[in-house]
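Just so you know, the protein sequences line up as chains A and B, in that order. For the first sequence, position 162 (counting from the first letter as 1) is numbered 162 according to the numbering used here, and the numbering increases by one without interruption. Take the position in the second sequence, starting the count at 1, then add 1000; the result is the number in the numbering used here.
If you are wondering where the hints come from, they were derived from the structure by calculation, not from laboratory data. Keep in mind that this is a model prediction, so the values were computed, not measured. Built from N, CA and C at the ideal position, the CB exists for glycine as well. Careful, some of the hints might be misleading.
Some chain A residues judged to face chain B by a derived CB distance under 8 Å, without partners named [said to hold, decoys possible]:
1) Lys216
2) Glu223
3) Ala224
4) Asp227
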Amino acid sequence: MPETPAPASATADAPVPGGLIRGELERELEQTDNRTRWLLSLPAILIILFFAAAPLLVMVVYSFLTPGDYGNVKWIFSTEGWVNVILQRDIFDDTLIWADAHLSIFWRSVKLSIVTTLLTLIFGVPTAWFVATRPKGKREFWLFLVTVPFWTNLLVRTIAIQELIRAEGVINNLLMALHIVDQPIQMMFTDFAIGFGMTYVYLPLMVLPVYAAVDKLDFRLVEAAHDLYAGRWTAFRRVILPMIKPGIIAGSILVFIPCLGAYVTPRVLGGGKNLMFGNLIELQFGAGRNWPLGAALSFTLMAIVMVALIYYVRLTSREEKTDV
Amino acid sequence: MQHQAQPMPSTDSADDVAVDVDRISKIFQGEDEVRALDDVSVAIRRNEFFTLLGPSGCGKTTLLRVIAGFEPPTMGALRLGGRDISRLPPNKRPINTVFQNYALFPHMSVANNIAFGLEMLGKPKGEIQTIVYDMLKLVQMEHLKARRTSEISGGQQQRVALARALAPKPEVLLLDEPLSALDLKLRKEMQIELKRLQHETGITFIFVTHDQEEALTMSDRIAVMNAGKILQVGSPRDIYERPAERFVANFIGESNFLDATLNGHTVTLKAGGRFQASPPAGVADGAVSVLVRPEHGQVRMGEAAEGELAATIDTVVYSGEATTVHLRLTTGELFKAKMPNTPSEDGRSIEQGAAAALSIAPGAVTVLKD
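My request is simple: use the sequences and hints to build the entire structure.
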């Protein structure tokens, strides 16, 4: 409010004949505006409360209860579910020892997720670059091709991969027909199969954000780098990479997080032996009949994801240091 | 710098030539073929402030990009100091560019931007620091060296772009309409600044602009381009006072084109009056088109006397420092006369529709080729 001279301000709060009390209209409009805003966001708030917050709360409670005999939970407080995430009780003397099975599953999940993320980077970045550098009218076609797999059921696609890599599958038959190998190579039910399958499934999630970043890239900056004596590789490393980094990081997050919790792909391609985090959780709610452990494992997975996300935020907000 | 602006002998010895554009054509294949450069030849001298001037789409930026190495020429040869560089990629040419939109690296600080070219050349760290410091001082940006380039103003970005391009000490600096994004006042400041930098560094500047005033103010020599061809190369004085063609005359400054008859060195205007002129080579006696600049016409109210042209006042436009009088000559041709305003005469006495007398300064009539 601009300062008005003293005589005017003295009477400012008094109603002007036929006019408004100071601030009255603004207050009224603001209240109506607020009410509308709340009303509009109510459905979203309700959905989040009932379908996101409430189930999580249920899982937190379950994780501190005792497993029931046929699944479900008994309402007896216990921390056993949490302890069992990384430790297990010896059947004979009740001493706690490391749960090697769980730890190796965690390790496999993290390892395969990292490998898959790296593979999608290696295949996805050049693909995204290729699509983004096509002439304007032709990009849609290539983007469409990238997204086609999304339109097919995940299970169907995974079984199609199985057809490719199983002992009597396309790849082995081809290799044997060409006499490159005598015996079929065992690819099914290995970590390789899981990594291969996940790379295939999650590749579009890498291509799309990187494409968006390359599309926004100002190619005049690349020209400027060449003009200032940078070769192709240096220009990529010093100018292009930092510019498309947000897309690469977004893509890595989009691939890494679902990989950690992947269920269908490791189940079909990894068989019963090569479990991943998602399969382990499913096992506790199914055959394992240990719901508290399943709940605790779910939160452990969430914790790992959170750590990854915090790392991501750090990575994106880090500034290039000035060293000159 | 004015001594350099004087016409030099037209035969450039190889030592004087920095950039030799030898019959270069650039044809863009597309739905229909575009001849962006059409058999262009020009020799740009060492330590020269050389301007490529022309309307948008005339090929001046394409020529700059060919010299920088971003576009390969379709035909012809490009030599730098006598060496053919047509096949060298941009990063192998000792030529740097100040881009139209500056193209500063947004993820680097001001200092890192300036250091980039030096790092790429593999200079030792200590030397880089010294040069970067010198460059920051040269463009008066020391206080902002740690800033990101997105956090500084347009004029400051302009200075950083200049410093970045000058830091590797290129043989030639290319400037692609670098002042077009700045407001008028800043543009005038930067014109002087650029001139100073060119003088201090002794580097050959090739400057692209569509602004004729900018070209006249800054250049040692100007090449006027249109439709992929260079129409005329010369000092600002040459170009302004002795334009060879109607396009050049029209593009640079304001012009009056009048019909006339040429007989040897004598020009007789259709509207009356006889003038001495030296026609360009290749213009035959007979009907010609001549140019008279508006500031070379003087208007007086009343009937025309001997040596003056009779006219009627059409419109009077006051523009602060001058008054432009639009006259209709007896032939029906329009003539703009621009007269400086003085305390006693500011165009107020000139009456619309009244009879007036126009006198044209001796030597002001230029015969055009077409």
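Evaluation of the provided hints:
1. Lys216: violated (12 Å)
2. Glu223: Nearest chain B Cβ about 6 Å off; hint holds.
3. Ala224: Where the cut-off is 8 Å and the nearest Cβ of chain B is about 4 Å from Ala224 of chain A, the hint holds.
4. Asp227: holds (5 Å)
Against the hints set out earlier in the document, a violation occurs for number 1 only.
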